[in-house]
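Enquirer: Next come the chains, spelled out residue by residue.
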Amino acid sequence: MSLPTRLLPLAAAAACALALVGCANSPGISPEPAASVAPSAATDYPVSVDNCGFDLNVAAAPERIVTIKSTSTETLLALGLGDRIIGEAFPDGPVPDQWADDAAAIPVISDFAPSQEAVLALEPDFVYGGWESNFTPETAGERAALRDLGIGSYVSPAACKDDAYQPDPLTFDVVFDEITEAGHLFGVDNAAAALVAEQRGDLAGISADTRGLSVLWYSSGTDIPYVGAGIGAPQMMMDAAGLTNIAAEVQDTWTSFSWEAVVDADPDVIVLVDASWNTADSKIAALEANPATANLSAVQDGRYLRIPFAAGEAGVRNVAATASLVEQLSAIGLD
Amino acid sequence: MWGGLLVVGLVASITFAVTLGPAEISAGEVWASVLHHLGIGESPLSLLRDGIVWQLRMPRVLTAAAVGAGLAIAGAVMQALTRNSLADPYLLGLSSGASLGAVSVLLLGVTILLPIAAFGGALVALVLTLLIASAAGGLTPSRTVLAGVAVSSLGAALTSFVIFWTAKGDSYREILNWLLGSLAGAGWSAVAISCGAIALVGIPIMIAGRSLDAFAFGDTAAAALGISVGRTRWTLLVATALLTGAMVSVSGSIGFVGLVLPHAVRLVVGSRHRVLLPLSALVGAIFLIWSDTLARTLFDPREMPVGIITAVIGAPLFVLLLTRKSTRV
Amino acid sequence: MSREAATAVPRVGAGLQSHCVSVVIDDRTIVDSVSIPVTPGRLTALIGPNGAGKTTLIRVLAGVTPPTSGSVSFDGEDWFSLPRRHRARIAALVEQDARSELPMSVEAVVALGRTPFRTLFAADSPDDAAAVRSALASAGISHFAHRQFDSLSGGERQRVHLARALAQQPALLLLDEPTNHLDVHAQLDTLELIQDLSRTHGVAVLAALHDLNLAASYADQLVVIAAGRIVASGSPDAVLTAELLRDVYAVEATILEHPATGRPLIAYSPHPPQRGAARGEPR
Chain A
541 MSLPTRLLPL AAAAACALAL VGCANSPGIS PEPAASVAPS AATDYPVSVD NCGFDLNVAA
601 APERIVTIKS TSTETLLALG LGDRIIGEAF PDGPVPDQWA DDAAAIPVIS DFAPSQEAVL
661 ALEPDFVYGG WESNFTPETA GERAALRDLG IGSYVSPAAC KDDAYQPDPL TFDVVFDEIT
721 EAGHLFGVDN AAAALVAEQR GDLAGISADT RGLSVLWYSS GTDIPYVGAG IGAPQMMMDA
781 AGLTNIAAEV QDTWTSFSWE AVVDADPDVI VLVDASWNTA DSKIAALEAN PATANLSAVQ
841 DGRYLRIPFA AGEAGVRNVA ATASLVEQLS AIGLD
Chain B
2 MWGGLLVVGL VASITFAVTL GPAEISAGEV WASVLHHLGI GESPLSLLRD GIVWQLRMPR
62 VLTAAAVGAG LAIAGAVMQA LTRNSLADPY LLGLSSGASL GAVSVLLLGV TILLPIAAFG
122 GALVALVLTL LIASAAGGLT PSRTVLAGVA VSSLGAALTS FVIFWTAKGD SYREILNWLL
182 GSLAGAGWSA VAISCGAIAL VGIPIMIAGR SLDAFAFGDT AAAALGISVG RTRWTLLVAT
242 ALLTGAMVSV SGSIGFVGLV LPHAVRLVVG SRHRVLLPLS ALVGAIFLIW SDTLARTLFD
302 PREMPVGIIT AVIGAPLFVL LLTRKSTRV
Chain C
6 MSREAATAVP RVGAGLQSHC VSVVIDDRTI VDSVSIPVTP GRLTALIGPN GAGKTTLIRV
66 LAGVTPPTSG SVSFDGEDWF SLPRRHRARI AALVEQDARS ELPMSVEAVV ALGRTPFRTL
126 FAADSPDDAA AVRSALASAG ISHFAHRQFD SLSGGERQRV HLARALAQQP ALLLLDEPTN
186 HLDVHAQLDT LELIQDLSRT HGVAVLAALH DLNLAASYAD QLVVIAAGRI VASGSPDAVL
246 TAELLRDVYA VEATILEHPA TGRPLIAYSP HPPQRGAARG EPR
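Chains as they are written, first to last, in the numbering used here: chain A, 541 to 875; chain B, 2 to 330; chain C, 6 to 288.
Just so you know, the hints here were simulated from the structure itself, not pulled from any lab data.
Backbone N, C-alpha and C define an ideal beta-carbon position, used for all residues, glycine too.
Mixed in with the good hints, there may be bad ones.
Claimed, not checked - Derived DEER-like restraints, expressed as beta-carbon distance ranges: (1) C:P131 x B:P45: 38 to 44 angstroms; (2) C:G46 x B:T141: 36 to 42 angstroms; (3) B:A13 x C:H151: 27 to 33 angstroms; (4) B:T324 x A:D821: 51 to 57 angstroms; (5) B:P317 x C:P131: 41 to 47 angstroms; (6) A:D821 x B:G42: 38 to 44 angstroms; (7) B:E43 x A:L874: 28 to 34 angstroms; (8) B:A193 x A:T750: 45 to 51 angstroms; (9) C:C25 x B:L268: 50 to 56 angstroms; (10) B:H38 x C:P88: 49 to 55 angstroms; (11) A:A685 x B:L323: 39 to 45 angstroms; (12) B:L268 x C:P277: 55 to 61 angstroms; (13) C:S147 x B:S135: 42 to 48 angstroms.
Same shape as in the complex, but just chain A (with noise of 0.2 angstroms):
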């Protein structure tokens, strides 16, 4: 009897939105805006795509955007589009201050994911989504709802989880294919070029540390830790930080992991994912009162990097997200 009343809550969490409010701006290298473009004549419409298993097709360069998860509203805002922008919802934190005054026009329908009919209120065309589970009927609606009602909607291709889609390992070409492919489904192929090719400037910029450090990527979690583990984006920026990934061996994108793993491993650094619902101290509190964990030698010697929890998500903030790692972890000294 009491199993079933206690999914109710587990039915809620599965289905609930997830807000993520502001948190530290990444030091270190951003990427400097790109110039605001009118959409190129030159792009081919309709555009066709196969987005997570769904057929997206563009008619025409979209005007009315809705963003939800800071990813897409700061892909958009890299691209210049932030005037097309009619709302966002769901972000993660600030966006880096490059784009805050355009952020500052765009106005927020929800700190959480947002209803279908607030969405639909602002009258949009096009949708631009973080996360699959943004697009059900409890939240956004559902992709192909939106598209007969003309609304095209797009998923971030690194947030697919169908087997056949999910990028195994998520790759800096997968995201700046991201970038690509989100510039010519809003007619801006060159924006999108150019945003392109200095992300993989400044990614090759980029020295990595060649002490061949182990590293723990902390996200949330007291209990049992959530932390990054084999394919995603953290285990990206890892690599091209010249980081090895104590939970490398996990064929997923984040994962529950064993506090007893991390002491058998005693990883040389720990990076700290900071969010204002889960704060980098937050973990170092419960990294220090535990007393398995208080041992280990990152922690007795303070040896922690620390990410905004949007910029731990694939998107074009990862190349300054790696080289801010790399200049933190330059201040670290080991023998």
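Given chain A's structure and the hints, the job is docking chains B and C onto it.
Expert: Below, chains B and C alone, put in the same frame as chain A:
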């Protein structure tokens, strides 16, 4: 006879479960480390790896034993008190109340220690259940069960609401672990709470539980056998709720242990509570030790909440028991 | 009138005696000023229509339900002032067939009868085991002591309940319609057993019985109760008259004499459907 075997089984389970885990530590080293902490000899392990044995595994195994025992006792007593084979320790709204306490700490940021909030929530739910049942006119088994259902639903609804309204990012994972029941965070304070509850409440219940036999044919028959029905029922209900509340506060609501294991033990040794309660406790302890060991080693290095394992094993086991003629439901 | 003579209450030395016991629940008077004895060495049968208050009265006598007014004395002392456990060592109650929710063996059920004699900490004593064995034998069910209680037939279960009461080694045995689901053979067996208990072992037995002829055959004393009040009391010969049956049960009958036992034998006459006349109320 069974008692002796099970005690040996328990000691063996503790001894072996503590040698298992994602980290590669030999059994000999594990035992040497344990002996060192008990005052005999030196530990062959580094401080960190010694911490794995003594700070992570040992308290966790001991807590699993105590929680398993407590839940099994509570389940058996609830089944006798309510004369209902489907009763479990959480019948009086206890797990929903505790969940509400837990989410208020985990999500609403109320600054109380989690075990205290969970225990407090369980007690509030208990009082509410008993008040509703008595207001309906007398504390009969069926009224108590129904009142418990009402309180459980209310608690679950409020818990869902809090989660839905405030859960951000991946914080819902922590709630999920708690709701399913997990021994992952069990340190030495959890050992103190759970073993203390067994010593202070569980053992008296087992002794007083002999009078539960008389309840088998209803209140009138029990009264005619010299049992003070109202007083015995109240006392055992409250004591069981305290025991369950203490266990839930350290491990979340682990399911099926209190529901299924007493039936399994009854099949073998019958319904005499003088025998049923202690044996259920031992079986519960052994069962949960191994369920938790599976939970933390099956998908090494990933961990899952132990409540998933107990449900996966418990549900088919329950079906099996149902289909046997000697179990009446 | 014979009826007046039959309602005179005899004085009792030992045994249970109720004094003007009334039980009022939710403004309804279930038992109304009843004074009857439960005499050692005698089998008293309690008869009356359904809803007359027999079960409630028996529960008061068993010490389970305290009366709203009036008192019950045992051997001169106030019955309800004795500790509950003491009462349970003296009086055993057998109610209509109860099923257990949880699996129990026959032996375990019978052993419940020893509950009043066991303290929380005591181990099983050999006295307890001996009492259980003897109870099983008396009830004639030694051969299925190890079977599951719920696997038995209604009649077998009733005998197990009886054995449980016997295991209490009571001075007073109170039974509420113990022969309801039994076949004729089992009914007679049960009554023989409790009659023997009263005659040979001096137990004071009170049994509510449904079947008037059985009551007539076996009881030493009959007490007739209707709408909570005693209507008649005395030997079966004195109590069972055609007039009583008409008054209390609204049936026509001829009272004969049993050729073998000499006890009253009721022969019921065919019975056209009746309306209006309230059954069970004395005129």
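Enquirer: Taking each numbered hint in turn, which are not upheld by the structure, reported in ascending numerical order?
Expert: Hint check: 1 fails alone, others pass.
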